[in-house]
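Respectively, the protein sequence lines represent chains A and B. So the first sequence is numbered by the numbering used here: it starts at 1 and just counts up by one. So the second sequence is numbered by the numbering used here: it starts at 1001 and just counts up by one.
Hints are computed from structural coordinates only; laboratory data are not their basis. Source: prediction; values computed, not measured. Mixed in with the good hints, there may be bad ones.
Below, simulated BS3-like cross-link-like pairs (lysine-lysine); rule was C-alpha separation at most 25 Å, straight line [to be verified]:
no.	chain 1	residue 1	chain 2	residue 2
1	A	K421	B	K1168
2	B	K1068	B	K1056
3	A	K443	B	K1285
4	B	K1016	B	K1285
5	B	K1277	B	K1201
6	B	K1277	B	K1255
7	A	K421	B	K1056
8	B	K1201	B	K1309
9	B	K1056	B	K1201
10	B	K1285	B	K1308
11	B	K1255	B	K1285
12	B	K1016	A	K421
13	B	K1068	B	K1175
14	B	K1031	B	K1201
15	B	K1201	B	K1175
16	A	K443	B	K1255
17	B	K1068	B	K1201
18	B	K1255	A	K421
Label pairs and their calculated CB-CB ranges [stated by the list, open to error]:
no.	chain 1	residue 1	chain 2	residue 2	range
19	B	R1172	A	Q52	52 to 62 Å
20	A	E185	B	E1099	34 to 44 Å
21	A	E287	B	P1249	57 to 67 Å
22	A	I211	B	N1169	35 to 45 Å
C-beta atoms are modelled at their ideal positions from N, C-alpha and C, and glycine is treated no differently.
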Amino acid sequence: MIELPRSHSPGSTPELSFKIIGLGGAGSNALDRIQLDGLDGAELIAINTDLQGLAGSVAPVKLQIGRTTTRGLGAGGDPEIGYAAAEEASEEVKGAVQGASMVFLCVGLGGGTGSGAAPLIANFARQQNAIVVAIATMPFSFEGRRRMAQAEEALASLTQQADVVICFENDRLGDAVSPRASVQEAFAAADQTISQSVRAISSILLRRGLIHIGFDELAAALRAQNPRCLFGFGEADGDNRAHTALERALRNPLMDRGRLLADAHNVLMHVAGGPSMTLNEVTLLMESFNRHISDSTRLFFSTAVDPQLDCRMTVTVLSSIGAAVPSQAFAPLQRVERVSPPAFLAPEQEFIPAQVTDRVPVSIPVAAAVTAPEVMALIEPAGVSAAPTRQAKPNGKPKPTREEKQEQMSFEPVNRGRFEKSEPTIVDGQDLDVPAFMRMNVKVK
Amino acid sequence: MSREDFIVGLEIGTSKVCAVVAEGRMDGTIKIYGVGQAPSRGVRKGEIVDFETAGKCVREALADAEEKSDVMIGSVYLAVSGGHIEGFNNRGSINIPEEREEICEEDFDEVQAAAREVSIPAPNQFLHSILQHYYVDGQDGVLNPIGMIGRVLEADFHIIHGVGNRIKNSIRCVKELDIEVEDVVFGPLASAQVVLDHNQKSLGALVIDMGAGTTGFVLYGDGGIKHSGCLAIGGDHITNDISLGLRIPMARAEKLKLEEGCVTLGRALPGERIVLKDETGFAGKEIEREMLNTIIHCRVRETFNLVKKHLDNSGAQLDFLGAGVQLTGGCSMLRGLDELAQDVFGLPVHVTCVKGTMSGPTSAFENPQYSCAIGLVKYAQAMTAGVRRPGLMRRFFKRLPFLNNLL
Chain A
1 MIELPRSHSP GSTPELSFKI IGLGGAGSNA LDRIQLDGLD GAELIAINTD LQGLAGSVAP
61 VKLQIGRTTT RGLGAGGDPE IGYAAAEEAS EEVKGAVQGA SMVFLCVGLG GGTGSGAAPL
121 IANFARQQNA IVVAIATMPF SFEGRRRMAQ AEEALASLTQ QADVVICFEN DRLGDAVSPR
181 ASVQEAFAAA DQTISQSVRA ISSILLRRGL IHIGFDELAA ALRAQNPRCL FGFGEADGDN
241 RAHTALERAL RNPLMDRGRL LADAHNVLMH VAGGPSMTLN EVTLLMESFN RHISDSTRLF
301 FSTAVDPQLD CRMTVTVLSS IGAAVPSQAF APLQRVERVS PPAFLAPEQE FIPAQVTDRV
361 PVSIPVAAAV TAPEVMALIE PAGVSAAPTR QAKPNGKPKP TREEKQEQMS FEPVNRGRFE
421 KSEPTIVDGQ DLDVPAFMRM NVKVK
Chain B
1001 MSREDFIVGL EIGTSKVCAV VAEGRMDGTI KIYGVGQAPS RGVRKGEIVD FETAGKCVRE
1061 ALADAEEKSD VMIGSVYLAV SGGHIEGFNN RGSINIPEER EEICEEDFDE VQAAAREVSI
1121 PAPNQFLHSI LQHYYVDGQD GVLNPIGMIG RVLEADFHII HGVGNRIKNS IRCVKELDIE
1181 VEDVVFGPLA SAQVVLDHNQ KSLGALVIDM GAGTTGFVLY GDGGIKHSGC LAIGGDHITN
1241 DISLGLRIPM ARAEKLKLEE GCVTLGRALP GERIVLKDET GFAGKEIERE MLNTIIHCRV
1301 RETFNLVKKH LDNSGAQLDF LGAGVQLTGG CSMLRGLDEL AQDVFGLPVH VTCVKGTMSG
1361 PTSAFENPQY SCAIGLVKYA QAMTAGVRRP GLMRRFFKRL PFLNNLL
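Model the full assembly from the supplied sequences, consistent with the hints where possible.
Structure, rendered in structure tokens:
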């Protein structure tokens, strides 16, 4: 394909750095998760009033705010203190975000540091000419009404300061995990959703797609009063990857299995796949997706081919519910020159933002695993030739090489007899429908 | 006699659909009027996979039962099973209001509601919540706290839950035939009602109900249920293993299992062979007896091990079971099963069928296959008896409000 060179808008720097700020305790946790998941090209900054919390963070850049206000302690749940702390450290924060074209601000609202400092830090970042995407979590309802009220207030002012606010409700995220999951797992799940959304949004905006979505469209999809974000991300490979990826995206509890989508006015959908992605797959996927949204819903669709994805497909669905506001009411940017970020975010060969590639689905359905070799064999030439020379991510799915093909062959289709088509009974990773003597390697004459 | 006095227990099993028509008498005995059954199709691993076909089988079984008992069936007690059903223990706790100290009956409902304030996976619904015992101000092992003085009332409940829609599908299968479902009961729990007597329940016993599709288990101790669960493994799996291992058709494998199969190893003479006669569509074959037994042994041992592991993980004390392990269900008729179970659990094992005071066609209940269906009748009797005379039994099996949503 011959790419048309696009001229950069005059004055804008071609540098495309984005920074992720984790603010407060919850923000730092989310940041740690992002760091662990690995996100290329992003600079991670932890900001906190609590020195101890800051020390525990794995972020490479740490910034303590409110040195005199809190003297290294937390904000004590008081947004006023959080605000004062951020005000005090204004120059340092501005310095930290300088040069970033986009700033993701991860914050848990309801507490002191997060609620108080977030709007101010969003403001500082914008003063440094960065697009600010705030990813906020609302507290669990059991944390009390006061905290919720603080969070609501903070969200309202954050909405005014940030370009885009994505708001997750912890209550809903809590439903995501199984009731037996430990508290740690439950919080980890929330952090993971935030991490996924950061990656997804950054890749949507920064990667040149076949059908591209710009910042304006992202803003439109998330524009609502008192917004509650719907976010779903799914990744799949195998025969039925388009369908499975969509299903996984909709399975996200923030979606309520896609039911909540019916209420959404604007929906943003991003489909990415390896070079083997076919138009037919995209069409089928969109057809089944359209069943979830109402006729009046505005759909922003984007698709991109990412060689790193190999034979996998990812689906990202992003929307918000809440009272929709008319377009003219949305005037978040005083700086007119910033309203057209797509041009600003012109393709940059050097910079390929990390797509959400390095998470191999933990449980590959048996059928998919069995059919994987064929699928891989089919698309291997394309996959390998198109694969970039970038090194694979450490925990990423390795390229389909000869060795792997052999390894995959060990998942030889085992005969499950009459249970072939029934729901598998899997205990401790063993498929109990496969005859016991076969699994125990007892020889039968 | 009015029709209400008849109790019908219906089990939609993986191998057969079985309906028992019986009468619960005031003295606690049961008189069986007839047992109807039909081979089951459209059920796999205890769950309906072909709704229409399963419905036909249910109709057949009910018609058979009506014919044999000469009773019009209007409503049934339905047994459900399947790998999705799980049990766990939870404690509910309430504070007795300041103005009164005495514990009264309303507190029971409240404490039960408190015990059920536990999150189960979203698609699941409560099937049973069975009282184990109460605590009054931390005092352990209170059986009936009414009239006692206390500040805090706590109660341990055993809660059994399963996927709501799957349970509903079983109910709908019956309702399609214009027959009411009085209550839904976890199959092995029903079996335990007839397999164990009161004494055995207090001594402690593990009931393992091995059917064609599922293996359910209920652990009793101190008169109450301590643990329960269900594995989606059963006799069908054994047949499937034989069929795949010896490369013979399913139907032939099933016959071979019933006629020749044995769980214990080392019983066969070295080199002893079984000759399978040729039939239409089957060329005939000679197989080694020890091989057949090995295949069955591997599967059954694994199943018992899974049950044991499940119980060990949930902290059950198997060593203190006074009444040992009671095996029931169609699969328990396999030769040598008790020996193997004894080996795995290290406890005395009995293969049992219906016990206790019953009358009627005796051939019907002298077979472990019918434990569940007859157990349903016993369960229903315990529940309805409670309506007239609220007792411990009644509170044990208090009908759950959710059932009204299901039915």
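Status of the hints after comparison with the structure:
The hinted pair formed by K421/A and K1168/B meets the criterion: a straight-line CA distance of about 22 Å does not exceed 25 Å. Restraint check for K1068/B and K1056/B: the C-alpha separation of about 18 Å stays at or below 25 Å, so the hint holds. At roughly 19 Å between alpha-carbon atoms, K443/A and K1285/B fall within 25 Å of each other, so this suggested pair holds. With a C-alpha separation of about 29 Å, the suggested pairing of K1016/B with K1285/B is violated against the 25 Å cut-off.
For a cut-off of 25 Å, the pair hint linking K1277/B to K1201/B is broken: about 47 Å separates their Cα positions. In summary, the hint linking K1277/B to K1255/B is supported, as the alpha carbons are separated by about 12 Å, within the 25 Å threshold. Simply put, K421/A and K1056/B have alpha-carbon atoms about 22 Å apart, close enough for the 25 Å limit, and the pair holds. Only pairs whose Cα atoms come within 25 Å are accepted, and K1201/B paired with K1309/B is accepted, the gap being roughly 22 Å.
Annotation: proposed proximity of K1056/B to K1201/B is violated, straight-line Cα distance about 37 Å (limit 25 Å). Taking the CA atoms of K1285/B and K1308/B, the gap is about 37 Å. The hint is violated against a cut of 25 Å. In summary, the hint linking K1255/B to K1285/B is supported, as the alpha carbons are separated by about 14 Å, within the 25 Å threshold. A hinted pair counts as satisfied when its Cα atoms are at most 25 Å apart, and K1016/B with K421/A qualifies at roughly 21 Å.
Simply put, K1068/B and K1175/B have alpha-carbon atoms about 22 Å apart, close enough for the 25 Å limit, and the pair holds. This hinted pair checks out: K1031/B and K1201/B have alpha carbons roughly 23 Å apart, not beyond 25 Å. Between K1201/B and K1175/B the alpha-carbon distance is near 34 Å, which puts this suggested pair outside the 25 Å criterion. Proximity of K443/A to K1255/B is assessed by CA-CA distance (about 23 Å); at most 25 Å being required, the pair is judged to hold.
With a C-alpha separation of about 33 Å, the suggested pairing of K1068/B with K1201/B is violated against the 25 Å cut-off. As the CA atoms of K1255/B and K421/A are separated by approximately 23 Å, the hinted pair is consistent with the 25 Å bound. At about 57 Å, the beta-carbon gap between R1172/B and Q52/A stays in the expected band of 52 to 62 Å. Take E185/A and E1099/B: their Cβ atoms lie about 43 Å apart, and the range 34 to 44 Å holds.
Checked against the hint of 57 to 67 Å, the C-beta distance between E287/A and P1249/B comes to roughly 42 Å, which is inconsistent with it. For the hinted restraint 35 to 45 Å between I211/A and N1169/B, the CB-CB distance of approximately 42 Å keeps it satisfied.
Hint compliance for this structure: hints 4, 5, 9, 10, 15, 17, 21 are broken, all remaining hints hold.
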